[in-house]
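**Q** Chains as they are written, first to last, in the numbering used here: chain A, 37 to 541; chain B, 2 to 169; chain C, 2 to 315.
Rather than coming from a laboratory, the hints here were simulated on the basis of the structure.
Treat the hints loosely; a few may be bogus.
Derived pair list, reagent style DSS-like, types lysine-lysine, alpha-carbon separation capped at 27 Å [stated by the list, open to error]: (1) C:Lys299 with C:Lys165; (2) C:Lys299 with C:Lys309; (3) C:Lys258 with C:Lys173; (4) C:Lys309 with C:Lys80; (5) C:Lys80 with A:Lys173; (6) A:Lys173 with C:Lys267.
Interface residues of chain A toward chain C, partial, derived using beta-carbon atoms under 8 Å [unchecked claim]: (7) Thr64; (8) Leu223; (9) Ala512.
Chain C residues, not near chain B, derived (Cβ > 12 Å throughout) [stated by the list, open to error]: (10) Asp37; (11) Thr55; (12) Ala105; (13) Pro142; (14) Ala152; (15) Glu222; (16) Ile224.
Where is the CB? At the ideal position from N, CA and C, for every residue including glycine.
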Amino acid sequence: MNTFDFLLQGLSVALDPMILLYALIGVTLGTAVGVLPGIGPALTVALLLPVTYGLDPAGSLIMFAGIYYGGMYGGSTTSILLNTPGESASIVTALEGNKMARAGRGGPALATAAIGSFIAGLAATVLLAFVAPTVVKLALVFGPRDYFALMVLAFVTVSSAFGESARKGLISLFIGLALALVGIDQLTGQARLAYGVPQLLDGIEVTTLAVAMFAVGEALFVAGQRNAVDDEVIAVKGSVWMTARDWARSWKPWLRGTIIGFPIGAMPAGGADIATFLSYATEKKMSKHPEEFGNGAIEGVAGPEAANNASAAGTLVPLLTLGLPTTATAAIMLAGFQQFGLQPGPLLFATNPQLVWGLIASLLIANFMLLVLNLPLIGLWVRLLTIPRPWLYAGILVFATLGTIGANPSPVELSMLLIFGVMGYGMRLYGYPIAPVVVGLILGPMAEQQLRRALSISQGDLTTLVGSPVSATLLALSAIALIVPLILRARGKGAVLNQLASDED
Amino acid sequence: MSGSTPGTRRPDGATLVVAVILAVLAVVIWTDAARLPQAGGYAGVGPADVPRWIAVGLAGLSLWSAIEAFRSGKSEREPQNAGPVLWIVGGLAAQLALLTTVGFSIATGLLFAATARAFGKRNLLLTVPVGIAFALAVYLIFAGLLKLSLPAGPLEGLVWGLFRGTPG
Amino acid sequence: MKHTLFAGLIAAALAVPAYAEDYTIIAPAAPGGGWDQTARTMQEALQAEGISDTVQVQNVPGAGGTVGLAQFVASGQGKADQLIVGGYVMVGAILTNASPVSLADVTPIARLTGEYEAIVVPAASEIKDINGLIEALKADPGAVSWAGGSAGGADHIAVGLIAKAAGVDPTKINYIAYSGGGEALAAILGSQVTAGISSLGEFKAQADAGTLRILAVSSDERIEGVDAPTLKEAGLDVSMQNWRMVAAAPDITDEQKAAIAADIEKMAQSKTWQDALATKGWADTYLAGADFQAQLDKDIAAIETILKDIGLVK
C-alpha cells in the first residue's frame with residue numbers, strides 16, 4: 037500500500053488552511069478567466085502561471101491545480117448560459133445546455149455540469165493514481181492506423197448524432213473539412229488554399245472558428261430577430277437545483293462520460309473534444325428520451341461534461357508517466373512543473389514521489405474546491421441572463437474579441453472572426469447545424485494525417501488499415517454504426533424521417 | 002434524391018444559393034489541389050488527394066441541394082431585422098480597422114457601443130464612453146496583470162505613463 | 002467640451018517620451034512555445050538585472066515565425082528598442098514558405114541557447130547502434146521510417162543530412178512528420194516507426210529509464226551524461242545545433258547595434274539568465290559578433306542545400 041500512503045501523506049499536506057486558501061484562490065481565478073469566451077484552459081493556465089511563481093512548491097502546485105480545473109469548468113458556464121463555448125471541448129455542452137438555459141433550466145444544467153465534472157474528475161484522478169502505468173502501455177499500442185480507425189468511428193457516430201436533416205448535417209461537416217484544408221500540409225510542408233497569405237499558413241484556429249460561429253453568430257442571430265429587444269428574460273423557471281428526475285437521468289451519463297473520457301485523454305493523439313463528441317453520440321443512442329436531444333436533454337450536458345474532465349485527468353497519464361505533453365494545456369503544465377524542478381518522465385514516480393502524490397492530492401482538493409465554489413454560485417451565474425441584453429451581448433463580444441486578439445493579434449485573425457461570425461449567422465438563419473463545422477475542422481486534419489502516416493509506414497499497403505486488432509475492431513464498429521440506421525430507415529422509419537426533412541426547409 | 006418534380010412549385014432560393022456556394026467551393030479546392038505537386042511519397046496519398054476527395058463530396062452535396070431546392074419548393078422564414086445585424090458587423094469591422102492605430106480600448110469600446118446600439122441602447126454619447134472605459138479596464142487587467150499582449154494606442158500609453166508616475 | 006478633453010488626452014499620450022532603455026521583444030510564436038519562453042525569460046532577466054526598466058513581449062505567431070519576422074522587418078526599420086527572437090527552424094521556414102523577408106533583413110545580435118539532435122530507437126529494437134541503422138537505410142530507405150517534428154523543421158533537415166552523408170538519396174527517406182509535443186515520442190515508444198529524431202532533451206528521460214536507446218547525437222563532441230557517439234565518430238560528416246537567437250531591427254546604426262549587443266551580453270552572463278537556463282534545461286551556447294554571423298551564414302547555406310536535396314524547396 038505504498039501508493040496509498042503517499043496519497044494520504046499528500047492529502048494531509050493539502051489540508052493545511054493556507055493550502056486550502058491557495059486552492060480557493062486558484063479555482064476562483066481559473067473560473068473567472070476561463071469563463072471568458074475564446075479563452076480556454078490552455079490560455080488560462082498560461083496567463084495565470086506566473087501568479088503561482090512566488091509561492092512555496094506545495095502552495096504553488098495546488099494553486100496551479102485549482103487554476104487548471106477552474107479554467108476547464110469556466111468554459112462550460114458560458115457554453116450553457118450564453119451559447120458561447122470558450123474552447124472546443126465545451127462545444128457539445130452548448131448544444132443541449134443552452135437549450136436548457138433558454139427553457140429556464142440553466143440552474144440544473146450548470147449543476148449537472150459541475151457535479152458531473154467533479155465526479156469524473158474524482159474518478160479519473162483516482163484512476164490516474166492507481167492504473168496510470170497500465171493505461172499508458174495500452175495507449176502506446178495505438179499507432180497511426182488505429183487513430184485513423186478511431187477518427188472514422190468518431191465521424192460516423194458524430195454525423196449521425198447531429199443532423200435532423202442528413203443533407204444539412206453533411207453540408208456543415210464538409211464545410212468544416214474544407215476549412216481544415218487551409219494551411220501547410222503537415223506531412224509535406226505544402227501550402228494549401230493559403231493564397232500567399234502568411235497568416236493562413238498555420239490553418240484556421242479552432243477557437244477562432246468556434247468563438248466566431250457560436251458567440252458572434254449567436255449575437256447577430258439574436259439581434260436580427262424581430263421583437264428581440266423586448267423579449268422577456270427567462271433566467272430561472274422552477275428550481276435552480278436539480279430535481280430527483282434530473283439526478284436519475286444524470287448519474288449514468290456521468291459514469292459513461294468518465295469511462296469514455298479517461299482513456300481517450302490518455303491517448304497521445306486523443307483529446308478532450310473527441311471524447312465529448314463520442315459521449316454525446318453515446319448518450320443520444322442510449323437515452324430513453326432521444327426526442328429531447330436538440331431541445332435540452334440533460335444527458336447531453338452530463339455526459340460530455342464528465343467526459344471532458346475525465347479526459348483532462350487522462351492527459352496527465354502520458355504527461356506524468358512518460359513526460360509526453362499531448363495537449364496544449366499539458367504542454368503548458370509541463371512548463372509549470374519545471375519551475376518545481378520536476379522533470380516529468382518515466383522515472384518521475386520513482387524519483388519524486390512526494391511531488392507526484394502531492395500533485396495528485398492537489399488535484400483532488402482543487403476538484404473539491406471547484407464544487408464548493410461553484411454550486412453556491414450557480415444562482416449568481418444564472419443571473420448573468422438577467423443583465424439587460426445590450427450590455428450582455430456588448431460584453432460577450434468584447435470578451436470574444438479579447439480572446440482572439442490575445443492569442444493572435446493579427447488583422448487576418450479578426451477578419452476570420454467577422455467572416456465566420458456572419459457565416460454562423462447565415463447557417464443559423466437557414467437551419468444548418470453549427471457543431472459539425474467545428475467537428476470537421478478538428479477531426480479532418482487528424483484523420484488525414486493519421487491515414488497518410490499509416491500508409492507511409494506500410495509503404496502504401498492499404499491492408500495495413502485493418503492490420504491491427506484495434507483498427508479492425510474500430511472500423512467494424514463504424515461499419516455497424518453506419519449500416520444499422522440505414523436498415524432501420526429502409527424498414528419504414530424512413531417515411532417519418534423524410535417527412536421531417538421536407539418539413540423543415 | 003429522385004422523384005423531383007420541377008416546375009410545379011417555385012424552387013427554394015436559399016437552398017439554391019447553398020448549392021451554388023458549395024459548387025464554387027468544390028471548384029476552388031479542386032483548382033488549388035491541381036497546383037500541388039503529386040508528392041505522395043511512400044504513402045501513395047499526397048497533399049492533393051484528400052482535397053480532391055473533399056471537393057468531390059462538396060460537388061455531390063451541391064447537386065443534392067439543387068435537387069432538394071426544386072423538390073421541396075419555396076419555404077417561408079421569419080423576417081429578420083437587417084439594421085441591428087449591420088450595426089454589429091459594422092462594430093466588428095471598425096474594431097478590426099482601428100485596432101492597431103487607436104489601440105485596444107478605443108477600438109473595442111466602439112464595438113461595445115455598436116453592439117449595444119443593435120440591442121436597443123441608441124444613445125452613442127453614453128455607450129461609447131462606457132464602452133471605452135469598460136475596454137480599458139479589461140485591458141488593464143489582461144495586459145497589465147496577466148501580460149497578455151494586446152495592441153496599445155495613445156490611451157493605453159497615457160494610462161501606463163500615469164502608472165509609472167511619469168506623465169507627459 | 003468632450004472633444005477638447007479627448008484631444009488633450011491624445012496630446013498628453015503622444016508626449017510621453019520614449020524610454021531609451023525600453024525594449025519590445027517580438028516572440029514570433031503563440032504563448033507557451035519555445036520562442037515565447039525565450040522571449041519571456043529574456044524579459045525577466047533584463048528587468049531583474051536592471052539592464053532595462055520595462056520590457057514588453059509581443060506575440061506574433063504564425064508560419065514558423067515568418068509572420069512575426071515580416072511584421073518586424075516592416076515596422077521595426079531603424080528602431081533600436083525592438084528585438085525579435087528566432088532560431089534554426091525559422092531559417093527553414095523562410096525557405097519552405099518562400100517568405101519575402103529573411104534573416105538578412107534583420108540585424109542578428111547573438112545566439113542564446115541551443116539543443117543537439119539525438120537519433121533513437123525503442124529499447125526492444127533490433128538495431129543496436131548507428132551503423133546498424135545506416136546499414137538498414139542503405140539496404141532499403143523506405144523500410145526505415147523516421148518519426149520527428151514538422152516537415153522541413155530541424156529534425157527533418159537532420160535526417161536529410163544523415164542520409165546524404167551516408168550516400169543515400171535524401172529524397173528517398175521515409176520521414177513521418179508529427180506536430181511535436183510528444184506525439185512523435187509516443188510513436189517511437191510504441192514501436193510504430195523504426196527510429197526517432199528530435200532534440201536530445203525530449204529523449205533524455207526515456208533513455209535514462211531504459212525505454213529508448215540513443216544511437217547518436219549531432220554535436221561536435223560527446224555530451225556529458227549521454228552514452229552515445231557523435232555522428233562524426235560514426236563516420237557521418239554531420240554536426241548541427243538547433244539554436245535560438247535574438248536579432249535587432251534592420252537599418253540601425255553601428256552604435257545602436259553595439260549598445261544592444263552589450264545589453265544582451267550582460268544579460269547572458271547574469272545570474273538570473275544562467276539560473277533560468279539551468280531550471281529549463283537549456284544549454285548555454287552563447288555566441289555573438291563576427292563568430293555568430295559566420296556560423297549563421299554557414300547554417301543558412303547548409304539548410305538551403307539540404308532542403309533542396311530533400312525536395313522541399315525548389
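**Q** Next step is simple, just say for each hint if it's right about the structure.
**A** Consistency of the hints with the structure:
1. Between lysine 299 of chain C and lysine 165 of chain C, the direct Cα distance comes to roughly 17 Å. Compliance with the 27 Å bound is thereby established for this hinted pair.
2. The straight-line distance between the Cα atoms of lysine 299 of chain C and lysine 309 of chain C is roughly 16 Å, inside the 27 Å bound, and the hint therefore holds.
3. Between lysine 258 of chain C and lysine 173 of chain C the CA atoms are separated by roughly 44 Å; this puts the pair beyond 27 Å, and the hint is violated.
4. Straight-line distance between C-alpha atoms of lysine 309 of chain C and lysine 80 of chain C comes to about 35 Å, which puts the hinted pair past the 27 Å bound.
5. With a C-alpha separation of about 53 Å, the suggested pairing of lysine 80 of chain C with lysine 173 of chain A is violated against the 27 Å cut-off.
6. A hinted pair counts as satisfied when its Cα atoms are at most 27 Å apart, and lysine 173 of chain A with lysine 267 of chain C does not qualify at roughly 47 Å.
7. Interface hint status for threonine 64 of chain A: violated, as the beta-carbon distance to the closest one in chain C is roughly 22 Å, over 8 Å.
8. A distance limit of 8 Å between C-beta atoms decides the matter here; for leucine 223 of chain A the minimum to chain C is near 5 Å, and the interface restraint holds.
9. Given the 8 Å rule on beta carbons, the hint for alanine 512 of chain A is violated: about 22 Å separates it from the nearest Cβ of chain C.
10. For aspartate 37 of chain C, the non-interface assignment is contradicted: its Cβ lies about 10 Å from the closest Cβ of chain B, within the 12 Å cut-off.
11. Residue-level check failed: threonine 55 of chain C sits 8 Å from the nearest beta carbon of chain B, not beyond 12 Å.
12. Under the 12 Å C-beta cut-off, the non-interface status given to alanine 105 of chain C relative to chain B holds; the minimum distance is some 26 Å.
13. Not every CB of chain B is more than 12 Å from the CB of proline 142 of chain C (nearest about 9 Å), against its label as outside the interface.
14. At roughly 10 Å, the least C-beta separation between alanine 152 of chain C and chain B is not larger than 12 Å, which violates its mark as non-interface.
15. Every C-beta of chain B lies more than 12 Å from that of glutamate 222 of chain C, the closest at about 35 Å, which supports listing it as non-interface.
16. Annotated as non-interface, isoleucine 224 of chain C keeps its C-beta farther than 12 Å from every C-beta of chain B; the closest such distance is 32 Å.
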